[in-house]
Amino acid sequence: MHPAISQPKIDSLSEPGRVVALDGGNFSGRTRLLRLATGLAADPGDDAPPLNPGDRPRAYIAPDAEGALSTIAQTVEQEIRFQARSQHLDGPLRELLGWLGLDRLHDRRPTTLSGGELISLSVVAGLALRPETLAIDCGMEQLDADRKACILEALAGPMASETSSLLADNRLSEWDHGLHRVPVQADYPPPFTIDPDVAIPPPPGAAARLALRRVGFAYRPDSPILRDVSLDLEPGVLYHLVGRNGAGKSTLAKILCGVIRVQQGRLERDGKSFDPWSHPGREVSYHFQRPDMQFFATSVGRELAVRPRSSWWAGGAADTADAARHAERAAAILTAFGLDKVRNEHPQDLPFVLRKRAALAATLAAGKWWVILDEPTLGQDDVTVAALVRIVGRLLDQGVGIVIITHSTSFRAMLPGRILRLETGTTHVD
Amino acid sequence: MPFPRARALAAVLALIGTLLSVDPILLCLGWIFLLTPTVVASRLVKVHAKFIFGLIAPMALALFVIWGYLVAAPPGAEIGSDPLGGLRFAALVASRLVMLGGIAQVAVLSIAPQQLPYTLYCWGLRGQALVIVLGAFSLIPEMAIRTDQVLTARLARGLMPDRRLMTRLRQLPFLLRPLFAGILQSAVLRSEGWHQRQTFLHVEDFASEGEAGSPAISILYIGLGSAWLGLNLATRLIPTWMPWS
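Residue numbers (the numbering used here), protein chains in the order written: chain A, 1 to 430; chain V, 1 to 245.
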């Protein structure tokens with residue numbers, strides 16, 4: 001199934017000071033190419049080629065950069081220094097750190113960073129090593145336009161003059177500023193395709209209107225991340241929650257689904273006050289930006305089949321009927337997302353593109369009238385995104401309320417909706 | 001911070017001193033006047049307090065009950081013959097554990113993360129052994145992160161109706177497998193990253209100027225370790241040396 005990747009092909013990509021973008025779809029072998037070019041084994045867990053003391057370091061930044069965190073470091077500053085082997089961060093790198101907004105986060109715990117901030121951290125630490133090759137696998141898709149431009153400038157500038165930079169990105173059309181593109185194509189049809197024509201049964205019950213009234217939240221008292229956020233969310237409407245990396249988009253989503261508790265203001269359900277923290281996940285289902293944060297079952301099929309029960313002692317005919325409805329919905333979603341072939345696989349064993357897709361499918365299978373999709377297109381190629389657009393459209397037709405957090409302008413253009421812009425903690429509705 | 005080798009030497013001296021000690025009062029004084037200031041200076045108060053109240057205090061209580069009340073005699077003596085001796089033995093064990101744990105905390109947990117590879121390197125660890133020990137350091141935080149993630153994921157899917165302790169405890173069977181699968185996956189990814197970035201091929205890079213250690217603090221640490229060893233050695237050789245003896 002995997003495409004054969006020859007050494008000359010890898011060597012031809014590498015040229016110091018040049019930024020090469022691998023242009024191809026999912027399962028075209030881009031990740032394997034990037035891994036091999038940075039001295040890793042083609043697949044995670046296999047034995048990597050041995051290192052020689054004279055070799056220069058290389059860095060591969062996976063789509064989910066959290067996996068590369070040392071976990072030993074307590075702060076962002078310590079993490080950068082650890083990943084960068086305590087190399088001195090010279091003037092330009094310190095400047096880059098400032099442009100990416102990481103300097104003000106220096107004493108934050110690395111695990112509390114947003115997806116985009118983690119990618120930025122990995123890039124700075126990677127550049128500090130003055131590597132022979134630096135590869136970013138779909139990480140740029142999580143960055144806002146300013147950060148993307150900033151990193152691209154750094155990769156093409158003097159601080160990476162001795163580094164071959166390789167990028168795999170599914171949204172190249174959105175930001176291709178004169179990149180050297182190399183087409184990567186597989187000689188077989190894509191093995192896992194989304195089928196948007198599969199009928200997905202609607203969730204049980206009825207949709208409710210949700211509202212936020214002057215909501216505020218701070219991870220640290222001195223720097224509130226959300227201030228006076230007020231929103232009205234109507235079911236059956238698509239909302240795009242947009243804003244810079246670290247603006248509080250994911251935090252707002254976690255408040256809505258009850259993962260974190262609102263500190264100021266209140267939430268309403270059909271005009272009545274409600275506290276998602278007390279009943280987490282009951283009203284809103286949240287698809288995490290990092291799919292690995294979402295899995296707890298031992299197979300993809302089980303991940304989708306899990307359903308909340310009304311109570312621990314629930315049983316009887318009503319519960320059996322509910323279980324049957326859930327199973328029907330889960331089976332339809334599994335097929336729609338092209339995951340039938342991997343239903344018995346452990347989610348963690350899948351490549352990133354399928355992990356993300358499985359996490360998305362599990363969120364929808366939960367059968368809620370409100371779903372928040374955090375970067376649903378991450379790692380997904382244009383064909384998959386087009387199919388995803390159709391699935392989202394059908395859910396909206398059923399009356400499901402959907403909030404999408406994405407940096408992809410093309411995805412937003414394909415799915416017109418109301419824009420909720422988060423700026424310095426408050427929202428503007430466009 | 002002390003130089004890595006000075007840190008190891010001071011810790012070894014202090015540990016030997018503690019193991020030689022036979023006087024619980026001296027151990028308590030050592031904890032108050034030697035260890036506690038070092039713990040404060042190393043910013044480990046919270047960790048040390050957790051160790052004391054979470055582990056040592058319940059264990060000490062159990063020791064006092066067993067040796068002072070149930071056995072009512074020190075080891076080797078007839079049961080019920082010497083309750084005070086039993087209490088003294090319990091106090092000695094508990095105070096030794098406090099000191100041993102505290103010294104280990106100061107010696108290891110006060111190392112800055114970016115200094116950890118170089119310190120372990122200076123302590124003689126090389127190659128795969130170094131990677132394994134560093135991997136072990138990342139295990140506990142990794143478990144905490146992963147546990148939090150699994151619980152959050154279950155919350156977000158409505159699988160935990162509330163946050164009560166009983167509800168959390170019921171999540172344990174669902175937690176174990178993803179916890180270990182996640183830890184293994186992270187360990188593979190992390191070791192791959194360390195390998196390609198040659199993190200441990202050039203461990204000396206971590207010893208950047210100004211952070212490798214301070215001569216004054218190194219001398220102070222070795223001095224404290226030596227003083228503690230000398231004090232305990234003297235008490236052992238001349239049992240009547242201390243005023244309370």
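Hints were generated in silico from the structure; no laboratory data involved.
Treat the hints with care, as some may be off.
Stated by the list, open to error - Some chain A residues near chain V, calculated using beta-carbon distances under 10 angstroms:
1) ALA48
2) LEU69
3) ILE80
4) HIS106
5) ARG108
6) CYS257
7) VAL259
8) GLN263
9) PHE295
10) LEU396
Computed from a prediction, not measured in an experiment: that's the story for all the values here.
For each residue, glycine too, the CB sits at the ideal point set by N, CA and C.
Each hint, compared with the structure:
For ALA48 of chain A, the suggested interface contact is upheld, since its CB lies about 6 angstroms from the closest CB of chain V, less than 10 angstroms. Restraint check, LEU69 of chain A versus chain V: the minimum CB separation of about 8 angstroms is within 10 angstroms; hint holds. Interface restraint check: ILE80 of chain A against chain V, minimum CB-CB distance 9 angstroms, threshold 10 angstroms, status holds. The closest approach between the C-beta of HIS106 of chain A and any C-beta of chain V is roughly 13 angstroms, which is over the 10 angstroms cut-off, so the hint fails.
Contact between ARG108 of chain A and chain V, as hinted, is not supported at the beta carbon level, the nearest pair being about 15 angstroms apart and thus beyond 10 angstroms. Residue-level restraint check for CYS257 of chain A holds (minimum Cβ-Cβ distance to chain V is 5 angstroms; threshold 10 angstroms). Because the smallest distance between the Cβ of VAL259 of chain A and any Cβ of chain V comes to about 5 angstroms, under 10 angstroms, the interface hint for this residue holds. Annotation: GLN263 of chain A was flagged as interfacial toward chain V, and the flag is violated, the nearest CB pair being 16 angstroms apart, outside 10 angstroms.
Satisfaction of the interface hint for PHE295 of chain A is found here, the shortest Cβ-Cβ separation to chain V being roughly 6 angstroms, below the 10 angstroms cut-off. Residue-level restraint check for LEU396 of chain A is violated (minimum Cβ-Cβ distance to chain V is 21 angstroms; threshold 10 angstroms).
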